[in-house]
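Asker: Sequence:
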Amino acid sequence: MTHDTPRPRRARQLPTTEQLRIWRDFIETADALRSELTARLQSESSLSSGDYAVLLALSEAEGHRMRSSELAAHIDWERSRLSHHLGRMERRELIRREECAADNRGAEIVLTPTGLQSFRGSTVPHLRAVRELFVDALTPEQLIAAGDLAATLRAQLTASGRRRGSAAPTKAT
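Sequential numbering of the sequence shown, starting at 1, is according to the UniProt record's numbering.
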């Protein structure tokens, strides 16, 4: 080939049968793990995984409060989804909405004492379930490999999101 001759484009290959088997195993196992953790969280604390994500974010925020737009971005939810969910949490007195003192265009979501108590009561059973279903199922080497795998996939998704102009993925609960 000369410098003037265009190189043939390499067609993107589809995953092999074995790669697809591994992919499906990975996704189905992650879904089953998430479902079991969600079921245990609900039965042990009456909190949904969405409740837990919101309460976790607020418990870690300065003053236990966040602007609703910041909270939506933090837990990677659409603002309309978050708004509906917050309404349900507000009726259960887990959170309250307050006008933003610095900017009256938005609301701040505030963790209530009831919400903090619910979150704290759910944390130990939830973390025990994480330990039992995830940590204890893996050897120390597998756990390190799982962390490496997650970091690699997150970096790929972040880079892909930047190329498309979307937000980077956020951490899971």
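Because the hints were derived from the structure by calculation, they are not lab data.
Quantities reported herein were computed from a predicted structural model and do not represent experimental measurements.
Just so it is clear, CB atoms sit at the ideal spot from N, CA and C, and this is done for glycine as well.
One thing to keep in mind: the hints can contain errors.
Now the in silico label distances, taken between C-beta atoms and shown as ranges [unchecked claim]: (1) SER43 - LEU116: 38 to 48 Å; (2) GLU93 - LEU20: 40 to 50 Å; (3) THR123 - GLU98: 18 to 28 Å; (4) THR38 - GLU90: 44 to 54 Å; (5) LEU20 - ALA102: 49 to 59 Å; (6) ASP103 - LEU20: 47 to 57 Å; (7) GLN42 - ALA145: 26 to 36 Å; (8) GLN42 - SER160: 45 to 55 Å; (9) CYS100 - ASP148: 36 to 46 Å; (10) ALA145 - GLY87: 36 to 46 Å; (11) GLU98 - ARG128: 25 to 35 Å.
Asker: With reference to the structure, classify each hint as holding or not holding.
Answerer: How the hints compare with the structure:
no.: 1; hint: SER43 - LEU116: 38 to 48 Å; in the structure: violated (21 Å)
no.: 2; hint: GLU93 - LEU20: 40 to 50 Å; in the structure: holds (47 Å)
no.: 3; hint: THR123 - GLU98: 18 to 28 Å; in the structure: holds (25 Å)
no.: 4; hint: THR38 - GLU90: 44 to 54 Å; in the structure: violated (22 Å)
no.: 5; hint: LEU20 - ALA102: 49 to 59 Å; in the structure: holds (51 Å)
no.: 6; hint: ASP103 - LEU20: 47 to 57 Å; in the structure: holds (49 Å)
no.: 7; hint: GLN42 - ALA145: 26 to 36 Å; in the structure: holds (30 Å)
no.: 8; hint: GLN42 - SER160: 45 to 55 Å; in the structure: violated (33 Å)
no.: 9; hint: CYS100 - ASP148: 36 to 46 Å; in the structure: holds (40 Å)
no.: 10; hint: ALA145 - GLY87: 36 to 46 Å; in the structure: holds (41 Å)
no.: 11; hint: GLU98 - ARG128: 25 to 35 Å; in the structure: holds (34 Å)
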